[in-house]
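Visitor: Sequence:
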Amino acid sequence: MSDGFRPCVLIPTYDNPETIRGVVERAAGFGPPVLVIDDGSGPHARQLLEAIAADGLAQVERRDTNGGKGAAVKTGFVAAAAAGHTHALQVDADGQHDLDDIPRFLDEARDHPDALILGYPVFDETQPAGRAFARQISVFWVNREVGTGVIRDPQCGFRVYPLAAAMAAEAGGDHMEFDQELPVRMAWAGVPIRNLATRVRYLAPEEGGVSHFDLLRDNLRISWLHTRLSIRAGLAGLFGGAGSG
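Everything in the sequence shown is counted per the working numbering, starting at 80 for the first residue and increasing by one.
Only true hints are included.
Computed spacing ranges between beta-carbons, pair by pair:
(1) R189 x E129: 28 to 36 Å
(2) E104 x L314: 41 to 49 Å
(3) F219 x A276: 18 to 26 Å
(4) T306 x F212: 13 to 21 Å
(5) F212 x R296: 12 to 20 Å
(6) I216 x G135: 41 to 49 Å
(7) R183 x A243: 19 to 27 Å
(8) R273 x I216: 19 to 27 Å
(9) G108 x P192: 17 to 25 Å
(10) R183 x E129: 28 to 36 Å
(11) S309 x A160: 26 to 34 Å
Hints were generated in silico from the structure; no laboratory data involved.
Using N, Cα and C, we set each Cβ at its ideal position, and we do this for glycine too.
Kindly generate the complete structure, drawing on both the sequences and the hints.
Guide: Structure representation (structure tokens):
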């Protein structure tokens, strides 16, 4: 684009055969190029992704093995930057996000190109009670790490990254903890954070809703992440250093 704002839509996916084409088609309808990162999906989903690429709906990059959501998004950052994009609007492949908000989020990013644009979810009755409780815990820890209200919700996967700043933050997480780690590290680096409401609904299994969240391993990863981040934030408050590192 002539103004130097060159966004893409970044969709990490791992075995979402029931929803991925619909998500890609709707995202593509808003104009920006779509980049799909296949995080080692099985044969059925892989075949569908090959058809998406063949139909010209998206650039599809395949990781040979499943490395986790964070690993897939980081692969997407590299591919997006190599293609000349300045920003990546990340959405999930499972159909839970309101893709009608894509223009609004991109407008916000265009108006504030240095900022990280984070969605904070407005749920309907489909939200599981256990997810609501876990989300409250994550918000509690993030408030301790960056200040109350800076990051309204650290888990929502609907967000716009300024690519250079996102890559420079060097988030280490490769799994579900990544979505929570990277905004904290970007905030520590001085990246402005802007929070926008967006509707989110959880799809039933018969609608293609599938979760790859491992209750034991991913909760342990998230707990360990916030242990490390909160300690660093506390030390920074005591000694006046940067929170990151």
